Amino acid sequence: MENETKPIKNEKKSKTLLKLFLSTLYISTFTFGGGFVIITFMKRKFVDELHWIDEQEMLDLTALAQSSPGAIAVNAAILVGWRVAGFTGMIVATLGTILPPMIILSVISFFYAAFASNKYVALVLKGMQAGVAAVILDIVCSLGSKVIKVRSLLHILIMLAAFAGTFFFDVNVIYIIIAAASVGTASAFAKKRKERKK
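If you read the sequence shown in our numbering, its first letter stands for residue 17, the second for the next number, and so on.
Worth flagging that the hints you see were computed from the coordinates, not collected in a lab. Honestly, I wouldn't trust all of these hints.
[To be verified] Okay, derived cross-link-like pairs now, PhoX-like style, lysine-lysine, Cα gap no bigger than 25 angstroms in a straight line:
(1) K162 - K214
(2) K135 - K165
(3) K165 - K213
(4) K162 - K142
(5) K207 - K61
(6) K61 - K31
(7) K213 - K162
(8) K165 - K61
(9) K61 - K35
(10) K165 - K210
[Unchecked claim] Here are the simulated distance ranges between beta carbons:
(11) G147 - R212: 21 to 29 angstroms
(12) F205 - F179: 23 to 31 angstroms
(13) F46 - L80: 48 to 56 angstroms
(14) F185 - K35: 20 to 28 angstroms
(15) A202 - F46: 22 to 30 angstroms
(16) A150 - K35: 23 to 31 angstroms
(17) A138 - M175: 17 to 25 angstroms
(18) S161 - L111: 14 to 22 angstroms
(19) K31 - S203: 36 to 44 angstroms
(20) G147 - L38: 18 to 26 angstroms
(21) F183 - Q145: 14 to 22 angstroms
(22) S198 - I164: 34 to 42 angstroms
(23) A197 - G147: 25 to 33 angstroms
It should be emphasised that the depicted structure is a prediction, and the values quoted were computed from it without experimental measurement. Backbone N, C-alpha and C define an ideal beta-carbon position, used for all residues, glycine too.
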């Protein structure tokens, strides 16, 4: 019986890995505007469509991807790939994410002079900026509403303080992430102490 079930499991894992690779390849190929835009499409694909991860996990993965060094799109792909299919999933998702930009940027760098002076390319890029802004606003509203739904006063205060710090006071994002992580950690330890006392 064990020999009969192993190929089925391997076939299922192979299908999952193929779907993961094609999904990240597609998302990375048709996503313009940076990491937060790709996070939006990852949420739609892996949370809403495939149901591989839930919204809370996606929020956690986004926070980890943003606070880790490197490109947020690659960091998110690594975390989603690991969550879905372990080490192999991480490699597959990373490859699917980095291949399109590598190929596109190689072509652009080869024809850079022609692209830089072309007014039509400049107009296309300006139009894309508006679309990118709308997609980023969408993910901000989606993830922000998730924090508000939890109805934790601490989380809402952290979110508002982080927004005020970046928007009004131009505080470096690194300091905001460190401060938010410290407050969150301190809050978690305080809750554990209360539970132990009870």
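* To do: Return the numbers of the hints above that this structure violates; sort them in rising order.
  => 1, 2, 3, 4, 5, 7, 11, 13, 14, 15, 17, 18, 22
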